[in-house]
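Peer 1: Sequence:
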Amino acid sequence: MTEQTKPIGAITNAKCEVASLLSYPQSNETVNPKKRTSKKERHQHAVGELPHNVHKLMKVIKKIGYVADTITETDLLEGTPTKFLRLIHYMLFHLTRTFTQDFLVAKHHVSLDTQYLPDAKFYRQFSLIMLDAFGYRVAMSGDQFFQAGYSERKIILALDLYDFIKETKSSLKRDAQLTAVDNGPYASDVPNIKYEVINHRKGEATKIEFSMNSTLQQSKITVVSKTDVPKGVIQSHRFNEGVFERNLASKGPIADTSSVYSLRRHHDETERKKRRKEERAAKKQQRQSEVIQEEGTDTARDTVKSSQQQTFAPQVVDEPIAQEQAPEEQYALLEQMLKDFANQIELKMESVETGVDARLKDCQSQYSTLEQKIAFTQSLNHQNAMQTTTIGSVLAGDQ
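Positions 1 to 399 (the numbering used here) are the ones given, in order, by the sequence shown.
Rather than coming from a laboratory, the hints here were simulated on the basis of the structure.
If you're wondering where the values come from, they're calculated on a predicted model, not measured in any experiment.
Watch out, some of these pointers could steer you wrong.
[Claimed, not checked] Subject to a maximum C-alpha distance of 25 Å in a straight line, what follows is the list of computed DSS-like cross-link-like pairs (lysine-lysine): (1) K194 x K169; (2) K107 x K169; (3) K56 x K169; (4) K194 x K220; (5) K173 x K107; (6) K194 x K59; (7) K361 x K373; (8) K83 x K56; (9) K173 x K62.
[Stated by the list, open to error] Each pair of labels, with its calculated beta carbon distance range: (10) V105 x N192: 32 to 38 Å; (11) E204 x E73: 53 to 59 Å; (12) D357 x A281: 34 to 40 Å; (13) F341 x I374: 47 to 53 Å; (14) E371 x K284: 27 to 33 Å; (15) L347 x I374: 39 to 45 Å.
All C-beta atoms, glycine included, are put in the ideal place defined by N, C-alpha and C.
Generate coordinates for the entire structure from the input sequences, incorporating the hints supplied.
Peer 2: In structure tokens, the structure reads:
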């Protein structure tokens, strides 16, 4: 049978084989011999096992802690494009910093602005990233991806992307550790720091050794020993009450020669700060009261001076009018001043009496209220006593 007389079924099968070859390269050399592909992982996501692939993708979503959107099995089976697009976006740029920064940006020069592209441009750029970084040719076009359906292809695409990210992260971590071991410090260069922590509640002192390797980014904490200490001991030197009081009263920091961490030192600092704060507040309040008193004294003094100036201004000896003033006029002026003074005192006394009367009325009302409450309480007590007596008599009769 020649090529012109091939049946339609054979042509269809050939197209399917070509599509499968484009979707899943059978060897590393067919696409890019320099790129490392995940052939083993992709064979685990076989076409035709839709329920199994849905279950695997749901496990992956739960494992990576994907909370940007809610994805259900129904969304996966229907092939909802928005759900898959958000999942791909999250895995590329937010799943792990090692993959995004050290692999995409540093090695393949992928711009972080890619995550802000429109949907169609983002999917096109994503296809190029998959082809360039992993030698993986995405089988779906943009029109197919943004349509409902094609669920199994979308699921396998998401699973393959996760496998690539996981392999890449492990490879980068392994390479970094090998490089760090080759260039790492000697054992003597690793800093070792020793601490002694006292637990006063349990009465024990724990010696801890902390070693840190900055090159390998590893740290180790080892408990060296534990010893019992008296619960009354708070610091390594003897406690002196006089020294403690002087330290609290001093303005400088408290000197503590203890070689271990001390709760007493922390307590002393706290008490000193609290006492200094209270002293500052008391001094501030005292200054404010003094200022108020000075302002009141100055106001009264100015009032007296102004009244004296207004009253005795015409009585200047140097003026001829004052010399010509008769004694009767002076007596009349003095009498008027005394009347004004008496009127002022009378007004003040009236205001004081009004305030006292109001206070007395308030006290009387409170007293009457208390009497009512006492009477009501006594009546309640009497009723309770009567009820208790009645209940006791009834119980005695029943017996």
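Peer 1: Now look at each hint and say whether the structure bears it out.
Peer 2: We went through each hint and held it up to the structure:
no., hint, result
1, K194 x K169, "violated (35 Å)"
2, K107 x K169, "holds (13 Å)"
3, K56 x K169, "holds (20 Å)"
4, K194 x K220, "holds (12 Å)"
5, K173 x K107, "holds (15 Å)"
6, K194 x K59, "violated (44 Å)"
7, K361 x K373, "holds (18 Å)"
8, K83 x K56, "holds (16 Å)"
9, K173 x K62, "holds (23 Å)"
10, V105 x N192: 32 to 38 Å, "holds (37 Å)"
11, E204 x E73: 53 to 59 Å, "holds (54 Å)"
12, D357 x A281: 34 to 40 Å, "holds (38 Å)"
13, F341 x I374: 47 to 53 Å, "holds (49 Å)"
14, E371 x K284: 27 to 33 Å, "violated (45 Å)"
15, L347 x I374: 39 to 45 Å, "holds (41 Å)"
Hint compliance for this structure: hints 1, 6, 14 are broken, all remaining hints hold.
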